[in-house]
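Based on these hints, arrange chain U on the given structure of chain G.
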Amino acid sequence: MSLLVCETVTKRFGALAAVEGLSFEVAPGQVLGIGGPNGAGKTTLFDVVSGLQPVTSGRVVLDGIDITKATADRICHLGLARTFQLNAGFDSMSGRENVQVAAYFGRRNRLFPGLRLGREAIRCTEEALELVGMRERAETPVEGAPVLDRKLLMIAGALVTDPKILLMDEPVGGLTASEIDEVESVVARVVREKQLTVVLIEHVMRFLMRLSDRVMIMHHGAKLFEGLPREVSEDPEVIEVYLGKSAKARKDSWFGEKTVAKTQT
Amino acid sequence: MLSGVARDILIAFLFLAVFATLPFVLDGRYYTGQIVTIFFYAVVASQWNLVFGVAGIFSLAQMALFAFGAYATAMLGFYLDWSVWAAMPLAGLTTVLVSILIGLACLRLTGAYVALLTLSIAQVVYFLIVTDTDCFVMEGVRCRQFTGGAVGFSQFGDLGTRKAFRGDWLTANYFIVLALLIVSMLFTYVIVKSPMGLAFRALRDNPGYAISRGIGRFKYQLLVFGLSAFFTGIAGGLWASHFRAIGPNLLSLSLMLFVLATMVVGGVGRFWGPLVGAILLVGADEVMREFGEYRTLGLGLILAVFVVAMPQGIVGLLKAGAACLRRRLKETAG
Numbered sequence: 001m002s003l004l005v006c007e008t009v010t011k012r013f014g015a016l017a018a019v020e021g022l023s024f025e026v027a028p029g030q031v032l033g034i035g036g037p038n039g040a041g042k043t044t045l046f047d048v049v050s051g052l053q054p055v056t057s058g059r060v061v062l063d064g065i066d067i068t069k070a071t072a073d074r075i076c077h078l079g080l081a082r083t084f085q086l087n088a089g090f091d092s093m094s095g096r097e098n099v100q101v102a103a104y105f106g107r108r109n110r111l112f113p114g115l116r117l118g119r120e121a122i123r124c125t126e127e128a129l130e131l132v133g134m135r136e137r138a139e140t141p142v143e144g145a146p147v148l149d150r151k152l153l154m155i156a157g158a159l160v161t162d163p164k165i166l167l168m169d170e171p172v173g174g175l176t177a178s179e180i181d182e183v184e185s186v187v188a189r190v191v192r193e194k195q196l197t198v199v200l201i202e203h204v205m206r207f208l209m210r211l212s213d214r215v216m217i218m219h220h221g222a223k224l225f226e227g228l229p230r231e232v233s234e235d236p237e238v239i240e241v242y243l244g245k246s247a248k249a250r251k252d253s254w255f256g257e258k259t260v261a262k263t264q265t
Numbered sequence: 266m267l268s269g270v271a272r273d274i275l276i277a278f279l280f281l282a283v284f285a286t287l288p289f290v291l292d293g294r295y296y297t298g299q300i301v302t303i304f305f306y307a308v309v310a311s312q313w314n315l316v317f318g319v320a321g322i323f324s325l326a327q328m329a330l331f332a333f334g335a336y337a338t339a340m341l342g343f344y345l346d347w348s349v350w351a352a353m354p355l356a357g358l359t360t361v362l363v364s365i366l367i368g369l370a371c372l373r374l375t376g377a378y379v380a381l382l383t384l385s386i387a388q389v390v391y392f393l394i395v396t397d398t399d400c401f402v403m404e405g406v407r408c409r410q411f412t413g414g415a416v417g418f419s420q421f422g423d424l425g426t427r428k429a430f431r432g433d434w435l436t437a438n439y440f441i442v443l444a445l446l447i448v449s450m451l452f453t454y455v456i457v458k459s460p461m462g463l464a465f466r467a468l469r470d471n472p473g474y475a476i477s478r479g480i481g482r483f484k485y486q487l488l489v490f491g492l493s494a495f496f497t498g499i500a501g502g503l504w505a506s507h508f509r510a511i512g513p514n515l516l517s518l519s520l521m522l523f524v525l526a527t528m529v530v531g532g533v534g535r536f537w538g539p540l541v542g543a544i545l546l547v548g549a550d551e552v553m554r555e556f557g558e559y560r561t562l563g564l565g566l567i568l569a570v571f572v573v574a575m576p577q578g579i580v581g582l583l584k585a586g587a588a589c590l591r592r593r594l595k596e597t598a599g
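These protein sequence lines are chains G and U, in that order. Heads up: the first sequence begins at 1 in the numbering used here, then just goes up one per residue. Heads up: the second sequence begins at 266 in the numbering used here, then just goes up one per residue.
Excised from the complex, chain G in its bound form:
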């Protein structure tokens, strides 16, 4: 059974359909990479699935539970955590507090919040900080922290909510090459150690290809391609969307396919 199922999910802003009739499934333990040009509706898809934006039509099911109309905090308690493209953080708090608050409130609904964090939340926080390699730098305030630290803290904050599935929106966007490698090893470790199901959006193809079991490319709010990572760069429609018609024609001519004449007309 699939852990996450999206059935003809549509999100409209007025006349604009940011996501249109998109269906896909994610099996437990799988890493699905989502790519696509800017404005393809990738982040909107995450907003809709994680409950920050209401769905216009369609259905989202998490582990057998319909979460189409659930609020974002409830979806978090049900086991779906996400990170953000913008470097979201609680600026006035330390890195450790950023993770602690998620550990305390993210696991279940606190009917009557207590006065202390409790051993469990503290233990999970330290474990997650260790896992992303932020334990040494956890006391500095998040305001003014480097982009890499904020990204790692966001991942730690998502992990402490004990998710069944993790949605990552551009985990390496805006990072340098060596930083990308660092995040990659963290994500790979998380996937391996926690057996976590992951959906990640990324423009950095190297990152996307190496981590994903399956790749989906979105364009104009719809699915353009879905398949194995190595098939992506072979797909004529993906090449056309990313690099334009002439690039596709050149590739076709180089590899001696018969479609050259068709694209030239």
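Just so you know, these hints were derived from the structure itself, not from any lab. These figures come from a predicted structure and were not determined experimentally. Beta carbons: idealized from backbone N, C-alpha and C, even for Gly. Honestly, I wouldn't trust all of these hints.
[As the list claims (entries may be wrong)] Part of the chain U face toward chain G, derived, beta carbon under 7 Å:
{"#": "1", "residue": "S459"}
{"#": "2", "residue": "P460"}
{"#": "3", "residue": "M461"}
{"#": "4", "residue": "L463"}
{"#": "5", "residue": "A464"}
{"#": "6", "residue": "R466"}
{"#": "7", "residue": "N471"}
{"#": "8", "residue": "P472"}
{"#": "9", "residue": "G473"}
{"#": "10", "residue": "I476"}
{"#": "11", "residue": "S477"}
{"#": "12", "residue": "E555"}
[Stated by the list, open to error] The calculated DSS-like cross-link candidates involving lysine-lysine, where the alpha carbons are at most 27 Å apart (straight line), are:
{"#": "13", "chain 1": "G", "residue 1": "K223", "chain 2": "G", "residue 2": "K251"}
{"#": "14", "chain 1": "U", "residue 1": "K484", "chain 2": "G", "residue 2": "K164"}
{"#": "15", "chain 1": "U", "residue 1": "K458", "chain 2": "G", "residue 2": "K69"}
{"#": "16", "chain 1": "G", "residue 1": "K164", "chain 2": "G", "residue 2": "K194"}
{"#": "17", "chain 1": "U", "residue 1": "K458", "chain 2": "U", "residue 2": "K484"}
{"#": "18", "chain 1": "G", "residue 1": "K245", "chain 2": "G", "residue 2": "K223"}
Chain U alone, transformed into the frame defined by chain G:
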């Protein structure tokens, strides 16, 4: 280096030592009375700070809650002959209910719209009381409105200190209000340091991110509305009992702006901000008293200077200064 909690305890003891000796060294009741008003403003501002500073909700309803507590205490005493000591806790609890109702009405809004709605609620209550002319009871030939109308209430009882301590009643009241200040500031300290405090700050810093980490905005913002109301209501009741008379001026715009200013001058969201701000502003008000009408102008100027030049307030400025000094020392040492 001191940890945060150790530093706060040290500051608390310094303040306490000063406040405990002041009534015995000051001559004349006037200054003791002024310090009592500082305490009152500090209590209200510290609770307001939970909503406004810590949770980042721009509510202007706090003085209306304060007035509600005062009116509840006065009316229970006046109509039902309750002792103010029995009336104050009930006033505190009902103020919590009122605050939650206001929260329910406001929290579908965000930002400046919350300020607009809460301000209009406070102003509507003010005008409803002032324009109330229906007689509720007749006192001889005088007609009394249920809400006290423009006149308000008096002779509803007091703290009993005048009877018990005679000439020293003001000193007794001083320590009762100081006790409320201590308890209410301890209350905010515990709340801010608890997971709830983290949740409130998380919702202030980044609502979308906070909700995605399981912190329901509506629930926790409603919670902070309720929590901040209890001691505000009690403070209102104690104000009524201390001054033995109240009127609709508790809801006036100028008093609200004064208490808001104490929070801004002290430092919004800072634990010591409201107390420091209340001391400074009541002190400044005292100095400017001689200038008559220019006094309000002076207060406005102080507020403007702080908003523009020192948005972190005095406490924020001191903290930044201390951090800078520590860095310097480290550099010279290293």
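Any hints from earlier that this structure breaks? Give me their numbers in increasing order, please.
When the structure is compared with the hints, numbers 8, 12 and 15 turn out to be violated.
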